[in-house]
Amino acid sequence: MDDTNKLQALRAVLDTYRDVPGSLITVLQKAQGIYGYLPQDVLETVAAELDIPSARVFGVATFYTQFRFQPVGKYFIELCKGTACHVNGADTIARTITETLGIADGETTADGLFSLKCVACLGCCSLSPVMMINGETYGSLTPAKVRDVLAQKRKEAQADA
Amino acid sequence: MILLNGKEFAFVPGQTILELAQANGIEIPTLCHDERIEPYGACGLCVCEVRMGQAPARLMRACATKTADGMVIETQSARVERSRRFVLDMLLSDHTGDCIAPCSLACPGGTDCQKYAALIACGEYRKAAETMKDVIPIPASIGRICPHPCEKKCRRALVEAPVSLAALKAFGADMDLKENPFVPECKPDTGKRVAVIGGGPAGLTAAYHLRRRGHEVHIYDKMPKLGGMLRYGIPEYRLPKAVLDKEIALIGDIGVQMHPNTTLGTDVTLENLREGFDAVVVATGAWISSKMRVQGEDLDGVFGGIDFLRAAALGDPPAIGKTVAVCGGGNTAMDACRTAVRLGAETVYVIYRRTRDEMPAEQLEIEEAIEEGVQFKFLTNPDEICGDDRVSSIRLQCMQLGAPDASGRRRPEPIEGRFETLPVDSVIMAIGQKTDFAGLESLEATNRGTVNADTATFKTNLDGVFAVGDVTNKGADIAIAAIGEARKAADVIDAYLDGVEIAYEKPFVCEKTVTADDLADREKRDRAVMPVLPPEERKHTFAEMALGFDEETAKKEASRCLECGCLDYAQCKLIRYARQYKADPAPYAGEKSARQKDDSHAVILRDGAKCILCGLCVRACDQLEHLSAIGLAGRGFTTEVGAAYRLPLGTSCCNGCGKCVEVCPTGALYKKTEGCKNVAVDRK
Amino acid sequence: MLKIMVGQGSCGVSAGAGKVYDALQSAVEERKIDASLSVTGCIGMCFLEPIVDIYTDDRLTRLVRVQPKDVPAIADYLQTGDDASVASLKIAAQDSAFLEKQTRIALRNCGVIDPESLADAVAHRGYDALRKAVTEMTPEQVIDVIKVSGLAGRGGAGFPTWFKWNAARQSEGSPKYLICNADEGDPGAFMDRAVIEGDPHALIEGMLIGAYAIGADEAIVYVRAEYPLAIKRLEKAIADAKAAGYIGEHIFGTDFSCGFRIKAGAGAFVCGEETALIESLEGQRGMPRLKPPFPAQSGYWHKPSNINNVETFANVAWIINNGGEAFAAMGTDDSKGTKVFALTGKIKRGGLVEIPMGKTLRDVVFDIGGGMRADKAFKGVQLGGPSGGCVPSELIDTVIDYKKLSATGAIMGSGGMVIMDESTCMVRMAKFFLEFTTKESCGKCVACRIGTKRLLEILTRICDGDGREGDIELLEDLCARIKENALCGLGQTAPNPVLTTIRYFRDEYEAHIRDKRCPAGECTALVRFSIDPDKCRGCSLCSRKCPVGAISGDVGKPFTIDGEACIRCGQCAEVCKFGAVRKG
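Chains as they are written, first to last, in the numbering used here: chain A, 1 to 161; chain B, 1 to 684; chain C, 1 to 584.
Derived from the structure by calculation, the hints contain no laboratory data.
Check each hint, because a few of them may be wrong.
Stated by the list, open to error - Part of the chain B face toward chain A, derived, beta carbon under 8 Å: (1) G387; (2) I630; (3) G631.
For every residue, glycine included, the Cβ atom is placed at its ideal position computed from N, Cα and C.
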């Protein structure tokens, strides 16, 4: 989608929800669906169109972990930090990802390839420890397996490019 | 009916516990509640123990809990207090700021340097003097002679150089003295009488503050005029006695009665003063020159440092001849050597056993002495004063520096067999002062020969007799230390006269650490240089050497102040409650929030580091001003208050109405003083 | 006709059920096998996913851990009826016991029906109870039946459901709202997700009955955004139910009308707290409100509102169909009916378990769960997630009942049950939960915002080997203060994991603080790696992997680790093929 199409899509969302009280979170979710994240001008548009003070829109957006204010990398890694994963060694997995990619929770690699986000429980506890890359689950992880998966993704990206 | 702290009260339906308590004069602390704004319940400070029926008592938030028939409420139980202290401990563990500026904390008197500097920058000299006189009754004098520990802690030094706080003090006080000077109001007479023995800085200060509290105060002093060491120990060229006279006269103007030429032990005795007065303050100072215990010390032409200065001050200096050796490295030595120069000595030596770096005297004084031709004989120590009846020479042991001693200074050690002899006409021993115990025999002494006084209550072994200043404990110190003690003692004595026993307690304050990096963005502005008489001229006169700042220089210099101290300290509820509940965040020390200062707005100054996230500002902006220029962002420990997108407030839609400032319980929000330096808010 | 059902709960999908389904679909088409292929929800045996159930008439063949490569063999079986080709895939008897020992009410249709088929739900008594309630019963009678059943809130607090319904019914104001809390945030719990993914109509039906009971005009499900599959299936179910007239105006021709919608949460555990949930529903920051007023008086848009969680609602239709007495017949004096647990951690057979109240923890952990993986020593059970606590092995015979579990310092909670063995460090476990609560604290009240942060800092320093004498007492005092002063349930219960681990595993804390030792060997700062010379074969692999060159030796002879240089990354232990690297 180019910028014009995105704005059109956003306008459509705003038209749907403008008169529905309490829709701010839904609108922000849909806006993020369109843009991939929530740029400041999009938040500004939402605030103006819904007639909610910008400070409040920003306050809501920054309260929920779902919302992002920076674009994410090509591969969005969600690492489960649920209890089962913790018990089965999620800390080691986190360390492995950080060591392999040089990024901490919430960061994106300089080449824009990988973003890492630690999340609370993906609900696949029986496969713990678990991570999800672009919605695909990788379970029963070991450091070696993580390194393999990441290397494979990097290769994939090189092939694409 | 409701049982509130054991008493029955009727309540209005819909009334909260907080409202009921307030209506009945019971204070419940709160940091996040304002009656104009809906209850929010963030701080949890207002919790009270509430019991309904048979259920066990629970801690409930008074701001939000509605009263109900049959409620049993305790607003001050141990459980309640413990919970409140916890809240305060937590808040303080995440609170970054300086309640009081480091200069003020460094001042033994606790003078509010930041405030008088700000007032001077604004041209409000009378108010500046009033601020100084909260502590120091004689600021024009002290400003001239104080070694200013304040400046040593001034953070401006991390930028380029400290603010000239002492000189500014002298300037501000001088401006006030010019016409219609500030005279404090005194409380109505209490009928209590206090005798102060000794009219030096300590005695004058104790008298001044006790008189302000409505007591009848008499000062007894053995010298012809009051002022103590300021008059008889500090040379005229540093402190013109006309200035001191004016300031002492003002103390007389508020009703302090002064009795000069009255010697303790002969003219009055401690015993009869105790009988005639409700309290006695001993502030007789340390007036005996210490001896060095070297051979020849008793020869003619050997003088004690303060004896020499006193004689000079009285206009009757001894004959010192053309060549003078002054022994010692402190400020008294500097005063003595420079007085000797002014009395016509052609060669003046300062004998000091260590090097210049270790000298306790002010560097500026040393420099000025050198300019005036004084010769420093470092790493030498008097070994013998030679002469038949009168001094003819002094033999010096040459020294070298060894390992550091307890004070951290390197210990001087004699170099065996190396001596130097200087022909001199006189020797002045400025190596220390001791207490004259005459008339104080009934008081318990320390092993230093000073009066033993409690450091928190200033009490001596005799009931109703208090002691402050150089005469006590560790002995001689700088004037402002004596003033600070006397100021604190006045509170204790005032309470004593009221039948209450209190002790001075160092109040809890928040302090922060600041490094040069934190101030890297500050524009460098040179410290004002005090204009002085040229050396050739001043060598021959006792006229005041410092010429004083002109108004423009003073204002500019005062505006260099970084405003480290909290501008809202006097009205901060957090610090008030912290003290009331004896909060102590130390065991919980941990990470602090990274909230920052925001000075982008024309009238609102925000300091996020002091924000306690009570949310009052956000709610006031929404509910009172209907603007919502600011909001909460993020969540949990890193929540912050600010304009949208974390942009500076100055770029937001904030209209500067100041309602947020009004409701802020701490110094996180401040309404700037328009067109002038920010001045700390007064206590309401 | 053959019926093939592929378990496609999130767990199944994660394990590759989607690919298996696709492969089966191709095979069925290619080989022209006369079989219906459909999807079902999670049966609960997550440890066996992907699971393929094949029904031949009434006979069920359950194949487990199926991979796409197994599909040709399955196709052979489907064509021939000879199960020899799938013998290796058939569920083992002891694994079947996992299900056989359970009593399924809330999960009655999970893994049995196609969650995307209203017809399938209806065939399994879907909406019978709703019809009965609205056509044959008054709202008061419905509340009465629920009262008789003894159903209590399954979200954790265990508050009697009928009482809340009654309060909302009695409350004046209009409109009224019925809200389902499906913001299942407890890390380690997925009961609600499984219900929505496996049997969305059970939730919808339960909610509509509740709406009828309290007189609500609209029912709203507040569901975690992290559950996309649940949202998708629920959306379809709502649309189907609307089309069939179960939702909307004049349901079953009566005067009862009720709207129904989903609201996706956006990631905030605190929104599990009902007033925070309401704030979030209203499009605000999910910060709890002061209580009272309670939602029954003033909730969503300050109107009377009732909030229950998913599992609670999932029981309702069954109770209406079978009577309150039938439900109350199960359980203990204090706790009636069944409870669903998400059994995870160091357990052999992890998954979803529904058992009658009154069973013991031992029944769940050992009989159903099969005990510890790798046969390590059992250490304890963590119940109730960040609000709950750890029950030690010596209390394994504790009866599952609200009061009995509370007495241990833990709570029933929403159903997270994480099993820990000897290699789990309990200080670290407490730290883990505090990491969670500090991240999830909304920041409104001081006690939670700063208090949990300070707890975490102290726990962190203990795990890092910087614990100080007095830290345990400091933790205990802080915990007591936070519990007493925090504004909402999140803060009030946040200290529980700390308090229970101190209560039952104080010696582990002391070992960390005094001896600078982590008995479980989990805290890397306190772990010392060494090589067992008897086991080491001198292969040098560890030495080559060591990032700091701390391991040396001659090939063929035992290697040694330089403790000073070692950074305790643990890679040596990971790569050693002979188990020669010791931790301790």
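Are B/I630 and chain A close enough, Cβ to Cβ, to be under 8 Å, as the hint says? 6 Å, holds
Evaluation of the interface hint that places B/G631 against chain A, nearest CB under 8 Å: At 3 Å from the nearest chain A Cβ, B/G631 passes the 8 Å test, so the hint holds.
Against chain A, with CB atoms and a cut of 8 Å, does the hint on B/G387 hold up? 80 Å, violated
Checked against the numbered hints given earlier, the structure breaks only hint 1 and satisfies all the rest.
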